[in-house]
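Build the full structure now, drawing on both the sequences and the hints.
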Amino acid sequence: MTNNRKTPAPLQVAMVLWLSFLLAIAPTGIVFSLFDPNAVSACLTVPEVSPLAAYSIGFFAFWLLCAGTGLLCVYFLSGGE
Amino acid sequence: MSASVEASLFEKRQKVYPREVHGRFALLRVSAVLGLLGLYYALPWVAWSGRQAVLLDLPARKFYLFGLTLWPQDFPLLTLLLISAALSLFFFTALAGRLWCGYACPQTVWTEVFLWIERHLEGSRTRQMRLDQGPLNVRKFRIKATKHTVWLLFSLWTGFTFVAYFTPARELAAKTLALQLGPWESFWLLFYSFATYGNAGWMREQVCKYMCPYARFQSAMFDADTLVISYDKKRGEPRGARRPEVNPAQQGLGDCINCTLCVQVCPTGIDIRDGLQYECIGCSACIDVCNDVMDKMNYAKGLIRYTTPNALEGKATRVLRPRIIIYGTILLGLLAILLFALANRTPLALDVIRDRNQLYRETREGLIENVYTLKVMNMDDKTRSYILDVTGIDGITVHTDQDPIRATGGEVLSVPVRVRAAEFNLTARSSAIEFILTTADEELSVTETARFLGPTP
Ligand code: SF4
Ligand code: SF4
Numbered sequence: 070m071t072n073n074r075k076t077p078a079p080l081q082v083a084m085v086l087w088l089s090f091l092l093a094i095a096p097t098g099i100v101f102s103l104f105d106p107n108a109v110s111a112c113l114t115v116p117e118v119s120p121l122a123a124y125s126i127g128f129f130a131f132w133l134l135c136a137g138t139g140l141l142c143v144y145f146l147s148g149g150e
Numbered sequence: 077m078s079a080s081v082e083a084s085l086f087e088k089r090q091k092v093y094p095r096e097v098h099g100r101f102a103l104l105r106v107s108a109v110l111g112l113l114g115l116y117y118a119l120p121w122v123a124w125s126g127r128q129a130v131l132l133d134l135p136a137r138k139f140y141l142f143g144l145t146l147w148p149q150d151f152p153l154l155t156l157l158l159i160s161a162a163l164s165l166f167f168f169t170a171l172a173g174r175l176w177c178g179y180a181c182p183q184t185v186w187t188e189v190f191l192w193i194e195r196h197l198e199g200s201r202t203r204q205m206r207l208d209q210g211p212l213n214v215r216k217f218r219i220k221a222t223k224h225t226v227w228l229l230f231s232l233w234t235g236f237t238f239v240a241y242f243t244p245a246r247e248l249a250a251k252t253l254a255l256q257l258g259p260w261e262s263f264w265l266l267f268y269s270f271a272t273y274g275n276a277g278w279m280r281e282q283v284c285k286y287m288c289p290y291a292r293f294q295s296a297m298f299d300a301d302t303l304v305i306s307y308d309k310k311r312g313e314p315r316g317a318r319r320p321e322v323n324p325a326q327q328g329l330g331d332c333i334n335c336t337l338c339v340q341v342c343p344t345g346i347d348i349r350d351g352l353q354y355e356c357i358g359c360s361a362c363i364d365v366c367n368d369v370m371d372k373m374n375y376a377k378g379l380i381r382y383t384t385p386n387a388l389e390g391k392a393t394r395v396l397r398p399r400i401i402i403y404g405t406i407l408l409g410l411l412a413i414l415l416f417a418l419a420n421r422t423p424l425a426l427d428v429i430r431d432r433n434q435l436y437r438e439t440r441e442g443l444i445e446n447v448y449t450l451k452v453m454n455m456d457d458k459t460r461s462y463i464l465d466v467t468g469i470d471g472i473t474v475h476t477d478q479d480p481i482r483a484t485g486g487e488v489l490s491v492p493v494r495v496r497a498a499e500f501n502l503t504a505r506s507s508a509i510e511f512i513l514t515t516a517d518e519e520l521s522v523t524e525t526a527r528f529l530g531p532t533p
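As given, the protein sequences belong to chains A and B, one line each in that order. Sequential numbering from 70 applies to the first sequence in our numbering. Sequential numbering from 77 applies to the second sequence in our numbering.
Calculated from the structure, these hints are not laboratory results. Treat the hints with care, since some could be wrong.
[To be verified] When the alpha-carbon atoms are kept at most 20 Å apart in a straight line, the in silico SDA-like pairs for lysine to any residue are as follows:
| # | chain 1 | residue 1 | chain 2 | residue 2 |
| --- | --- | --- | --- | --- |
| 1 | B | Lys251 | B | Leu132 |
| 2 | B | Lys138 | A | Val109 |
| 3 | B | Lys138 | A | Val118 |
| 4 | B | Lys451 | A | Asn107 |
| 5 | B | Lys451 | A | Val109 |
| 6 | B | Lys138 | A | Val100 |
| 7 | B | Lys138 | A | Asn107 |
| 8 | B | Lys377 | B | Arg421 |
| 9 | B | Lys91 | A | Ile99 |
| 10 | B | Lys451 | B | Leu410 |
| 11 | B | Lys138 | B | Leu248 |
| 12 | B | Lys377 | B | Glu313 |
| 13 | B | Lys138 | A | Thr97 |
[Claimed, not checked] Examples of chain A residues toward chain B, derived with CB under 10 Å:
| # | residue |
| --- | --- |
| 14 | Pro77 |
| 15 | Leu80 |
| 16 | Leu103 |
| 17 | Asn107 |
| 18 | Pro116 |
| 19 | Ser119 |
| 20 | Tyr124 |
| 21 | Ser125 |
[Claimed, not checked] Here are the in silico distance ranges between beta carbons for each label pair:
| # | chain 1 | residue 1 | chain 2 | residue 2 | range |
| --- | --- | --- | --- | --- | --- |
| 22 | A | Pro116 | B | Thr405 | 49 to 57 Å |
| 23 | B | Arg215 | A | Pro96 | 48 to 56 Å |
| 24 | A | Pro96 | B | Ile413 | 22 to 30 Å |
| 25 | B | Tyr382 | A | Leu88 | 44 to 52 Å |
| 26 | B | Asp470 | A | Leu88 | 55 to 63 Å |
| 27 | A | Pro96 | B | Pro182 | 40 to 48 Å |
| 28 | A | Phe129 | B | Ala376 | 54 to 62 Å |
Every residue, glycine too, gets a C-beta built ideally from N, C-alpha and C.
This is the structure in structure tokens:
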């Protein structure tokens, strides 16, 4: 099976976003099974948010982190193009 | 997105217009699509003993899966389940190639539905191509607008269903109709809708070709004994057009009549006759269409067929090979662990939280007292009463105002307790003690350790 096709840049970005989306599910699951966002916000005296908001924000933080790493890697590996 | 923008974004992407196919495998795929999507859209509406059968209840931090209620404590179990699922994907891929891609992947399944809608509104492959090449006029605009509206409505329904796995479906429906969705519910609904619309309407085979990690692992999972869809070069070549009545052998021709139907039906736009390519998602559309051609020509079916690279070369195919045995053994092992863990899961958990305000205090009787809050999690469906005991120091006693300790099914109960011990029994400033919580019928029991603080002996 051969694959010598060069992936176009927008699709490289799409690939990073999609992969990091999938990967971000794991840490989100782990962190939120260990910590209840409500209990955490109570300890930190930050305003309480709805559970869905807390989980969503947590997920996006992880997604951003994974995607950021991936995009930087792609960018540097491409020689800064 | 106009065609030109699309072209510049995706590097001369030729839109693929997969031709409609009928046949044994098409039937199988349609059944898979209907079954899986039916499940996806219907499940949130299924009730199970008074609640939604499958629901990830975020506020309550519980995952309902029919009769099973999973708690955050059960996360390892879920992880094990996901690992087993990934491994079975490996196992089946090594055995039978991209069955997942061809029949079960959400990308394939939703794209298939979008293709049906497109075909219904725009007509056959040729008509679609003609419509796209033609100038923009009222008719074209009407057809395209209708198509995108239907696509979007279908996507919205898909997004709604996605959120219904987190927010009870009936509640969500009522909120949606009253336009009272919360900001995050609206966000996820639109996000998932947009992802469906973009992936199944616009990106299609590009997701498989460029974005999917699984597709990139193919070469690592395939070997010469893996079942793949393949064109029989020996039998087909040299290809060429001919009339049905001529005998191909006399003309020096193989069985391929070069009708290019196999290319026209391919959703990823490849020519299977060029050999095994990583773009092939194993949808078997080309098998169906070529079999029809073979029938019409009165040739034997199976010029394109499910086979293994070894078999194509006339060698024997080995089903049981090290790779399969290793994947299979690990998979069986994991499933056994999973079943064991599920069967022996204790639907009871205990957390001990020390009172932070005070290290210890001395009672009137001269005993050392520590205060804790116990979190009793009854992960069972029924109400339970518990007996609490504490060990670790001679003569240690536990006192609570809640007697008996009773928690309804699914309840998390806070129980403040006072633990007392005589000072002369303490051997250190901090001693380990154990709380033992047992159900009244002695069926279940959990133990949790904690520290008991006192003055320096
Ligand atoms: S459908 Fe069959 S006969 Fe037609 S071009 Fe493809 S392989 Fe040849
Ligand atoms: S080559 Fe055949 S099996 Fe592979 S994706 Fe195309 S039509 Fe489907």
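Practice problem: Starting from the hint list further up, note which numbers the structure goes against and sort them upward. | Solution: 8, 9, 10, 18, 25, 27
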